[in-house]
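Under the working numbering, the residues of the sequence shown are numbered 328 to 724, in order.
Read the hints as simulated data drawn from the structure, not as lab findings. Any given hint could be a false lead.
Said to hold, decoys possible - The calculated EDC-like cross-link candidates involving lysine to aspartate or glutamate, where the alpha carbons are at most 16 Å apart (straight line), are:
1. Lys643 / Asp663
2. Lys643 / Glu671
3. Lys643 / Glu681
4. Lys585 / Asp616
5. Lys643 / Asp618
6. Lys607 / Glu587
7. Lys597 / Asp541
8. Lys596 / Asp616
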Amino acid sequence: MQAPSSSEARRGVPASASAADVMRAYRARRQSMRRGVLSRYRVLGFLNAGTYGRVYKAEDALGATVPGRPGVYAIKKFKLDREDDTNVFRGISQSAIREIALNRELAHENVCRLWEVLLEDNAVFLVYEFVDHDFLQIIHHYLTVVRTPIGGAMIKSLMWQLLNGIAYLHANGVMHRDLKPANILITARGVVKIGDLGLARIYSDPLVSLYTSDMVVVTIWYRAPELLLGARHYTPVIDLWAAGCIWGELMALRPMFKGEEVRMPPKSKKVPLQVHQLSKIVDVLGTPDTDRWPRVTAMPEYAAWVATRRSHNVPKALYRWYVDRSGTSSGFELFDELLQYDPERRATAARALEHPWFSEEPLPQTTLFPLQSPYPPGRVVVEDTAPIVPRARRPGV
């Protein structure tokens, strides 16, 4: 075996060391240089939990804001895989890998920024800028506290910023695939931030088809009709359908298409037909036909769906959902373009931003602060019984 180099000698590796010894010395040195989550951040409290894991509010450990950094953060801790009742580490989940890979490449004022990725005690921590609110909180606040509709100027600004963020994602080849009010964040100054890219995918030249890797995408109430009818290949305009649903919800303070989802059985390779969800869409948009959607009869689940329908000629009633006190019809035109059955006729994000409605008074704002609109209280943090890092363990891996 070759003698260690002078650099190895300086690192304290003995001349007789094996390759395994060298690797152990390297790992020990690397570990000594690594800082853990609690050495970098001071956890202020627990925010919420989901199927992915838990989210905490934190600030820089030294208390002072580092120039160029926000100072306050939301730290997402992914769950370990479970086998029986034992936590086992099998690597990083596909969802976490996607979220990390995409967020590290994205930088836009309307997309939530990922600042850092940490690995500690076999857990993955994603450190995001902290954002005070989300669209769901705004809707609930107006419905239960303010008890009036959200103002038209505020809705226009919210939608412009949302479409601006979607346009940026699409221009960079990213499809979000899970836009809904809870995933659209908004800062205390009224800047919209698209969050949660766990289902997002690069759609230009993917290594495998989008359907192969994820048979079910988009939360059911915001799922586009081509997905509901079994499309194996789809385009970024599924995100624009979801944006249209969110717009309707901002105006009415309730979901537009609140269907009941049929859950996919475990280990099943067939996505169940969502008859109730489709019926909710037809109640508002009317029955799709080949005039409005030329390729509808070619959709994989079309024949099965037709066999379940009680009425075959429901009229369109989208106008009942549109609320605009400006006296112009251009807003409704854009609303209608986002909720087209035919994906090829649905507005793209870039085209939507150029719509005349956004050039009419009141002009959309890049921040809602000048509008002085009512806001809900900031996110509440609570003490968590399960600490972000078990206290009995040392920092690092």
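Evaluated hints:
1. Lys643 / Asp663: With Cα atoms ~11 Å apart, Lys643 and Asp663 stay inside 16 Å; holds.
2. Lys643 / Glu671: Roughly 19 Å separates the two Cα atoms, so the pair is violated.
3. Lys643 / Glu681: violated (26 Å)
4. Lys585 / Asp616: violated (22 Å)
5. Lys643 / Asp618: The given pair, whose Cα atoms are some 13 Å apart, holds under the 16 Å limit.
6. Lys607 / Glu587: It holds: about 9 Å lies between the C-alpha atoms, which stays within 16 Å.
7. Lys597 / Asp541: Holds, because 12 Å separates the two Cα atoms, which is no more than 16 Å.
8. Lys596 / Asp616: Distance ~29 Å between Lys596 and Asp616 Cα, so the pair is violated.
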